[in-house]
Amino acid sequence: MSKLLLLGDEAIALGAIDAGISGVYAYPGTPSTEITEYIQTSKEAKERDIKSMWSANEKTAMETAMGMSYAGKKALVCMKHVGLNVAADAFINSAITGANGGLVVLSADDPSMHSSQNEQDSRFYGKFSFIPILEPSNQQEAYDMTRYAFELSEKFGIPVLLRITTRLAHSRAGIERRQGLPQNEIHLPSDPRQFVLLPAIARKQYNTLLAKQEALEDDGLTSGYNTYINGNDKTLGIIACGLAYNYLIENFEDGEVPFPVLKLNQYPVPKKLLKQLYDSVDKILVLEDGYPILEELLRGYLNLGKKIMGRLDGSIPRAGELNPNIVARALGLDVAEGFDTADSVKGRPPKLCDGCGHWDSFGALNEALKPYSGGRVLSDIGCYTLSALPPLQSINSCVDMGASITMAIGAAEAGLVPAVAAIGDSTFTHSGITGLLDAVNRKASITVLLNDNATTGMTGGQDSSAYGKVEDICRGVGVEEEHIRLIKPLRRLHEENVKVISEELEYNGVSVVIARRECVQTLARRMKIKAMEKRKAAETKA
Amino acid sequence: MKKDIILAGVGGQGILTIATIIGTAALSEGLQLKQAEVHGMSQRGGDVQSHMRISSKNIASDLIPEGKVDLIISIEPMESLRYVNMLHKETGWLITSMNPFNNISDYPDLEEVLNDIWKLPHYVTIDAEKVAKEQGSVRAANIVVLGAASPYLDIKFELLETAIKNVFAKKGEDMVKLNLKALRAGRNYAKKST
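In order, the protein sequence lines correspond to chains A and B.
Using the numbering used here, the first residue of the first sequence is number 1, and each one after it goes up by one.
Using the numbering used here, the first residue of the second sequence is number 1, and each one after it goes up by one.
By construction, these hints were calculated from the structure, which means they are not laboratory data.
Note that the structure is predicted; figures quoted are calculated from it, not measured.
Watch out, some of these pointers could steer you wrong.
What the hints assert, rightly or not - Below, computed lysine-lysine pairings styled on DSS-like, alpha-carbon distance capped at 27 Å:
hint, chain 1, residue 1, chain 2, residue 2
1, A, Lys-530, B, Lys-170
2, A, Lys-306, A, Lys-275
3, A, Lys-46, A, Lys-536
4, B, Lys-191, B, Lys-165
5, A, Lys-370, A, Lys-443
6, B, Lys-130, A, Lys-528
7, A, Lys-530, B, Lys-165
8, A, Lys-43, B, Lys-165
9, B, Lys-3, A, Lys-3
10, B, Lys-170, A, Lys-46
11, B, Lys-119, B, Lys-192
12, A, Lys-51, A, Lys-469
13, B, Lys-177, A, Lys-534
14, A, Lys-541, B, Lys-165
15, B, Lys-165, B, Lys-177
16, A, Lys-536, B, Lys-171
17, A, Lys-271, A, Lys-283
18, A, Lys-272, A, Lys-127
19, A, Lys-3, B, Lys-165
20, A, Lys-536, B, Lys-165
Generate coordinates for the entire structure from the input sequences, incorporating the hints supplied.
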């Protein structure tokens, strides 16, 4: 069978289709977005009626998937690592309810923070919730382990966390596909109270969850995803989790590592394998992308046993993504060097696109804020976060999805009046609406600059849940009609826009200035498709 | 056979198109392939790169180790220099367009950039926009650079041509023709200049 050249993300998507999912639920977030996009554009997925519309946020996605699992069908949930914070309430409790139809939660971590505000390690969530974790090392494993995740989920009646990092998500390699499985028929849980987490039931279910842990650990011995590879040189033993295994192998001719290696891809990690390695070597090097979870586990707080090397003892940098060179240095191997970087190389940070409406919207905001002292703009997560950089330098915060409005309320209540919240349309429906309700109820003196570009821009232009609904939502939440203002962020309307924003800054209450203009990227894409359709139509006529 | 390549440029310049063409050609030759891409935030006018590894044997790491890169292929001169710390000191080649993409306030003198490139032992610098324009459109500049890199790729030239036909088929016959011409023009330039 010929191989398919797929991103790690796409391999997971295909694995899920072939595992027989009936739905994928997600909110876009780099580096996880391409999984859902693959399913959305897959002909097979369409033929099988696999649900794949974007959810409003990761929590609604997780809960919708739990509903599908409750009804007996298989569901995949996808998010970036910080999305799991949003979904955490549902995620952690899903361990207590357990799964009926297979339920797999994919969380894509971003060590080195290529497109994120932190590098939290999702494996902690797995451990925290007593949910088993699968962590593929390569694209083929990403495909295979996605399928296995559903098998594991249904075998133990528990959700499974699939953990990847940016490097695997966005790297391509050849994948071999296997025969797909059918979707499940609807079947409700045999215990009708399985999902009712009243304390009395939850206590019982929690004990069931704890009791499953030993069997889950044993599964890690038989699944084939945790392997002990013997080596003759016992001066060192190496534990390589997920992707780290590739960086290890890269450093040895034909992948022949002289030391015993424990390749780990499934958690909870079997104690038997750890003990086998620990007993046969002098010291251990732990290679894991993300936090030093396994390292800390082995080392204990006091490190009284054998020497454990990794991020905590400085053998590997404490923060950031692994690579072959970091692993080589930890092993004491020679590292080749290239040329010195010339002084003529300057930094080229990302910036807003030419012609983007955010330039005009924040340009107008900057001018309207001139009469006031600085530091008043609490912002959010999206392309417009780039307005923090020169030349605009408009915003003073970017923390988590939706934090702009709520932080502005707090700042205003501290006396920073007026305070401004800058948020995008998709972030607004993700986590901004409840904050706006707070603002209205508290009569906070804030002005919300709602940048409505009709898309989820930063992640590449996915449909926004807010589309066509922004004014109605503001009204519904209770913002006064005369303080819901619409502007079109264009250079030629600059004076007019400054005036509108200035008026609302002076208003001692909640106002929302909606700056509406389509994202230039989605506009260009739409025009391209239109031109192509026109050409096709002309060709068929001819 | 083993080639470790860094593709470099600025977001939106078309390095992923080059990657797709090389990848398609390499697969049709039955080679193994790994290619790490940049998606997300950095795509907005920032520097972008892709690690592309082709080999007749299994490839372990998605990332190329430092000092082991055989080929830097860049659509922008300053961007080509960003990765020379990865380039193999004895055998590495740098192939780049000479056309600057100036979207930052402290972009250096082009002469300074080119002089730094010309200090390297093996390089091809090409006015890709001029060559592309001569073939019909400046939009094919990325494919001109690919053409200039083609003598160093160890992939049959006909396979690159076939890959271009496949990749651009959706965009119409004119685009296929333009890019085939751009590929050949880039290749001829590189052969003449070295």
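So, going through the hints one by one against the coordinates:
1. For the hint linking Lys-530(A) to Lys-170(B), the alpha-carbon distance of about 14 Å falls within 27 Å, and the restraint holds.
2. For a cut-off of 27 Å, the pair hint linking Lys-306(A) to Lys-275(A) stands: about 12 Å separates their Cα positions.
3. Distance hint between Lys-46(A) and Lys-536(A) is fulfilled; the C-alpha atoms sit about 24 Å from each other, no more than 27 Å.
4. For the hint pairing Lys-191(B) with Lys-165(B), the CA-to-CA distance comes to about 23 Å; that is within 27 Å, so the pair holds.
5. With a C-alpha separation of about 24 Å, the suggested pairing of Lys-370(A) with Lys-443(A) holds against the 27 Å cut-off.
6. As the CA atoms of Lys-130(B) and Lys-528(A) are separated by approximately 26 Å, the hinted pair is consistent with the 27 Å bound.
7. Our distance criterion of 27 Å between C-alpha atoms is met by Lys-530(A) and Lys-165(B), whose separation comes to about 23 Å.
8. About 24 Å separates the Cα atoms of Lys-43(A) and Lys-165(B), which keeps this hinted pair within 27 Å; it holds.
9. In summary, the hint linking Lys-3(B) to Lys-3(A) is supported, as the alpha carbons are separated by about 20 Å, within the 27 Å threshold.
10. Taken as a hint, the Lys-170(B) and Lys-46(A) pair is honoured in the structure, with Cα atoms around 22 Å apart against an allowance of 27 Å.
11. For the hint pairing Lys-119(B) with Lys-192(B), the CA-to-CA distance comes to about 20 Å; that is within 27 Å, so the pair holds.
12. A C-alpha spacing of about 22 Å is found between Lys-51(A) and Lys-469(A), which places the hinted pair at or below 27 Å, so the restraint holds.
13. With a CA separation close to 21 Å, the supplied pair Lys-177(B) and Lys-534(A) stays within the 27 Å bound.
14. Our distance criterion of 27 Å between C-alpha atoms is met by Lys-541(A) and Lys-165(B), whose separation comes to about 25 Å.
15. At most 27 Å may separate the alpha-carbon atoms for a hinted pair to count; Lys-165(B) and Lys-177(B) meet this at roughly 8 Å.
16. Between Lys-536(A) and Lys-171(B), the direct Cα distance comes to roughly 11 Å. Compliance with the 27 Å bound is thereby established for this hinted pair.
17. Between Lys-271(A) and Lys-283(A) the alpha-carbon distance is near 17 Å, which keeps this suggested pair within the 27 Å criterion.
18. Only pairs whose Cα atoms come within 27 Å are accepted, and Lys-272(A) paired with Lys-127(A) is accepted, the gap being roughly 18 Å.
19. At roughly 20 Å between alpha-carbon atoms, Lys-3(A) and Lys-165(B) fall within 27 Å of each other, so this suggested pair holds.
20. For the hint linking Lys-536(A) to Lys-165(B), the alpha-carbon distance of about 19 Å falls within 27 Å, and the restraint holds.
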